[in-house]
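Peer 1: Can you build the whole structure from these sequences, using the hints too?
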Amino acid sequence: MFNQRVVKREGHQGDQAVVPEVVRRSRYPCRLTMYGDAPDVEVSIEEFETFALDRLQVLRAIEDAQLRAKGEDDMRKRISEALEKHMPSHTNRSKLLPRQLVGERRKDHVSHFILRLAFSRTEELRGWFLRYECALLKHRFQNADLAEKQELLSSAQLRLAHLSPADRDAKLGSASGFYAAQEQLFEVDFERVLDLVGRSQVVLRAGRAFVPQSEVAALLIHEFRHSLTQALAVCAKALPQMGEDERLLPLLQNLSNQTARSEYQSTGAAGAVTAESVPGLSDSFPLCMQHLHSQLARDRHLRHGGRMQLGLFLKGIGLGLQDALVFWRRAFSAMTDDQFQKGYAYNIRHNYGMEGKRADYTPYSCHRVIMSNPPGPGDHHGCPFRHFSAERLRAALHKDSLPDAEVREVADLAQAGHYQVACTRHLELRLHHRRQQTQQQPDADIRLSAVTSPNQYFDLCLGCTKPTHASATDTTTAAAILSGAPKSTTAIY
Amino acid sequence: MADDEKMQVDGDDGIDEISPMTLGHYYQRLFPHALYYKWLNYNGKLATTEFTHREFSFTIKDGIYLRYQSFKDSDELQRELQRLSPSKIDIGAIFTAPPKHAKSLQPGVFKPVSKELVFDIDMTDYDEIRTCCQGGAICAKCWRFMTVAMHVLDRALREDFGFTQIMWAYSGRRGVHCWVCDERARKLDDAGRKAVAGYLSLVRGGAEQGKKVNLTQRSAHHPHIVRSLEIVEEYFEDVLL
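Going down the list, the protein sequences come from chains R and L. With the first letter of the first sequence counted as 1, position 361 gets the number 361 in UniProt numbering; the numbers rise by one all the way through. With the first letter of the second sequence counted as 1, position 23 gets the number 23 in UniProt numbering; the numbers rise by one all the way through.
One or more hints might be untrue.
As the list claims (entries may be wrong) - Here are the simulated BS3-like cross-link-like pairs (lysine-lysine), alpha carbons at most 30 Å apart as the crow flies:
{"#": "1", "chain 1": "L", "residue 1": "K187", "chain 2": "R", "residue 2": "K138"}
{"#": "2", "chain 1": "R", "residue 1": "K237", "chain 2": "L", "residue 2": "K187"}
{"#": "3", "chain 1": "L", "residue 1": "K115", "chain 2": "L", "residue 2": "K103"}
{"#": "4", "chain 1": "L", "residue 1": "K211", "chain 2": "L", "residue 2": "K115"}
{"#": "5", "chain 1": "L", "residue 1": "K212", "chain 2": "R", "residue 2": "K70"}
{"#": "6", "chain 1": "R", "residue 1": "K70", "chain 2": "L", "residue 2": "K194"}
{"#": "7", "chain 1": "L", "residue 1": "K115", "chain 2": "R", "residue 2": "K342"}
{"#": "8", "chain 1": "R", "residue 1": "K342", "chain 2": "R", "residue 2": "K399"}
{"#": "9", "chain 1": "L", "residue 1": "K211", "chain 2": "R", "residue 2": "K70"}
{"#": "10", "chain 1": "R", "residue 1": "K237", "chain 2": "L", "residue 2": "K100"}
{"#": "11", "chain 1": "L", "residue 1": "K187", "chain 2": "L", "residue 2": "K115"}
{"#": "12", "chain 1": "L", "residue 1": "K187", "chain 2": "R", "residue 2": "K342"}
{"#": "13", "chain 1": "R", "residue 1": "K342", "chain 2": "L", "residue 2": "K103"}
{"#": "14", "chain 1": "L", "residue 1": "K212", "chain 2": "R", "residue 2": "K399"}
{"#": "15", "chain 1": "L", "residue 1": "K61", "chain 2": "R", "residue 2": "K342"}
{"#": "16", "chain 1": "L", "residue 1": "K194", "chain 2": "R", "residue 2": "K237"}
{"#": "17", "chain 1": "L", "residue 1": "K111", "chain 2": "R", "residue 2": "K342"}
{"#": "18", "chain 1": "L", "residue 1": "K211", "chain 2": "R", "residue 2": "K399"}
{"#": "19", "chain 1": "L", "residue 1": "K88", "chain 2": "R", "residue 2": "K342"}
{"#": "20", "chain 1": "R", "residue 1": "K171", "chain 2": "L", "residue 2": "K61"}
{"#": "21", "chain 1": "R", "residue 1": "K237", "chain 2": "L", "residue 2": "K115"}
{"#": "22", "chain 1": "L", "residue 1": "K187", "chain 2": "L", "residue 2": "K72"}
{"#": "23", "chain 1": "R", "residue 1": "K171", "chain 2": "L", "residue 2": "K194"}
{"#": "24", "chain 1": "L", "residue 1": "K194", "chain 2": "R", "residue 2": "K138"}
{"#": "25", "chain 1": "R", "residue 1": "K237", "chain 2": "L", "residue 2": "K103"}
{"#": "26", "chain 1": "L", "residue 1": "K88", "chain 2": "R", "residue 2": "K237"}
None of these hints come from the bench; they were simulated from the model. In this text the structure is predicted, and so the values were computed from the model without any measurement.
Peer 2: What follows is the structure, given as structure tokens:
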């Protein structure tokens, strides 16, 4: 459609500050936007689909980068590459033709709104979209030039009050030393920078937070997240009304199905696992669940966080309600029947959707285990790769009799913050050793795509341990391995 | 209570054994009905939605737990308390409609609107560092950890967050509850509460985290930490040495 060749404009050599008049008067004078207004342009069906798919590729690349990137620079590089490939956007000072610039921005603008519609359907999809749109804006803001940052900040209407040096002293006193002396500070209500407050990155006085210039991005992203959350809720309500347009609904459905990160559909049919068989299966549990299971045996008790994490996991692998009640009753061997019935049985039934609002709770994903509800004193839930100290993690890894070099490899990954990659690597190594012991394809390396939920880990582990045929519930990764791949590494994504 | 007198404040199951007759007397004669209502109603004598849309939960005999209780005025609450004589009252959130009618409403209509910001400090949180008692037992010695905690928290809530309507209460067993009732606190959503908790947290990590207090160069100079250290220093010698 557009001529994608970059065309040199004459007569503007060395003049960095001139914005082409055409661009300035167009619908898209600025490169960066907070997507406040919906597009009122016409888009062809092909564009509708292409734009949306390209943007989706970018968001998925960000998700992937967050899992795998080794440090901030690597992260920035990965996201920039994805943008360059699928949704390039040049600054006003670039040598692009005005209509090319406008075209890029139109695509950015329109694609955001298409995906907004597509991802408003469920709470989980909304959460996914929100997370990666915020990450995208953060990346673009941080890598923009000063002029672009100013433009975006003023258009966002953040209502920031500069703090004069006199005010700074008066309001903060000695606390002013928490910030660099020359750093500009803004005073805002603490609710607008919750992320910074939670991490004690700002001084608070009487409910006001003092935000340094360097953290203004945090404010911006917070505002963006807030308004996008509301916008998504509005979209969700509007979706049913779109039923009449037969061209668009299938496209939107298809888009939201592209994220394979939806809740892992566990292969455990209820009843497949009995209370007695749980200890035997624990060998195929991920480290987090093995830990909870062994602590449960040791203490004859688990606190709430642990009961939820392990309980829902067991439900996911196929432990039915009646067996769950038996399992936990036996595990809590130090208490009376009465204590168990009153204190714990209700909650177990609740988890299976038998009480209260009858929500059938799903097992936790890795993301949830890692990010939500950090363990406190006396807790054993969470992700060992994240929540164990380095020594404690190494000790746990050594239990599998893995060689030192491999333990170090996994521990290093965990230290670097790649918890899921570490867990996946751990699984790969365990399976490899199991293979060697049972003499199946001892030389083939195992490579798995990153584990995203403990139940998925369990299914993979169990699937790869079955010596002969693949069962009907095997995932494609396990099946591919078992089909007899040759000596080289089999990369599966 | 002498220093070495230990108090076992609950049975293993946490359910207090008080006779129904004693409870009956308590609600007839001792429970501060008027004050309780005045506190929860926030404004004036006539019941506002802040009272009528509030959820209460009662634990009555045999450990039965009743949710979605709500009352149209002070008299109704008093009558029900005297009739049911609960061993435990949980005060829930204020909703968009009287919780009693929750089940008859369209899904999505009945939602929480506001809730006080409540901190629950339990003596068992100190099990890893107190040497005199463990679990359900408390005594005058280890209770001093609670005193320090209360000072640290109270100062932070008032000076840093600007909250003024703060009520501290003994939780009945082995800890304290701190109720922050400012409107700004009541309106905080999940993210807001998580942020406040994060700001106030210093000890992070479960049983398998070796070193739980990690202060960088910078965080050690955060005014909240500096002030808290000063408070702790006042009590340090007395409590620990």
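Peer 1: Name the hints, by number, that the structure is in violation of.
Peer 2: When the structure is compared with the hints, numbers 4, 8, 12, 20, 26 turn out to be violated.
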